[in-house]
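Trainee: Respectively, the protein sequence lines represent chains A and B.
If you number the first sequence the way this note's numbering does, the last residue is 115 and the count never jumps.
If you number the second sequence the way this note's numbering does, the last residue is 118 and the count never jumps.
Keep in mind that a hint or two might mislead.
Partial chain B-side listing against chain A, Cβ under 10 Å, derived [as the list claims (entries may be wrong)]:
no. : residue
1   : 22
2   : 105
3   : 107
4   : 118
Just so you know, these hints were derived from the structure itself, not from any lab.
Quick reminder that beta carbons are idealized off the backbone N, C-alpha and C, glycines included.
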Amino acid sequence: KAGVTQTPRYLIKTRGQQVTLSCSPISGHRSVSWYQQTPGQGLQFLFEYFSETQRNKGNFPGRFSGRQFSNSRSEMNVSTLELGDSALYLCASSPLSSGSRNEQFFGPGTRLTVL
Amino acid sequence: AQSVTQPDIHITVSEGASLELRCNYSYGATPYLFWYVQSPGQGLQLLLKYFSGDTLVQGIKGFEAEFKRSQSSFNLRKPSVHWSDAAEYFCAVGVWQNYGGSQGNLIFGKGTKLSVKP
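Start from the sequences and build out the full structure, keeping to the hints where you can.
Mentor: Written as structure tokens, this is what we have:
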């Protein structure tokens, strides 16, 4: 089974621009979560989508948004980029069973650099 | 509030030596606990997980972890470290909210970077 894929792997943007990152979950996984990883703050939860609806949200400003499509693929968008948004953005997918609650499989990430 | 503490930022061990990485958590209910490993420039790979039952869990790559409720700990161990184990290790607790099909989210510790001396 193919793992979680994320595109692009690397992005360079300038302040004020917006960016869209894409994630394809493992086949059969319907829950997709996004995390931000920075040296200072570590790994922080952004949001979770299931059945095209946001089910769970971390403590990030409204500039960070996401969506999920009917095939479970997900995108996240960051508008009005700030220097502090430079980070590795990780997508994770989860199988839907009580026996694997919270179990998340991560993609390789998208490295975003904001200049 | 839920939290995870990994007291050691950086650990260096010799190849072939044993390893223990510490993890303490704060969570009101029965925790779902995980250890992930991250190599440079890579995503996170799940090493092992604890949901319930036997408090000693086995994972991939020869790793094991022991859940101790009385100490709120979930330490990761390996009897003999290989050079390829050099990476950053993250402990996480699962936060689950019973609504709408949510699978919850993970709260991570700050990570422990492992270096291996030849």
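Trainee: State for each hint whether it applies.
Mentor: Outcome of the hint check:
For residue 22(B), the interface hint is violated, the least distance from its beta-carbon to any beta-carbon of chain A being 16 Å, above 10 Å. Here the hint on residue 105(B) is kept, as its CB sits about 4 Å from the closest CB of chain A, short of 10 Å. Checking residue 107(B) against chain A by beta carbon gives a least distance of about 7 Å; that is within 10 Å, so the hint holds. The beta carbon of residue 118(B) comes no nearer than 27 Å to any beta carbon in chain A, farther than 10 Å, and the hint placing it at the interface is violated.
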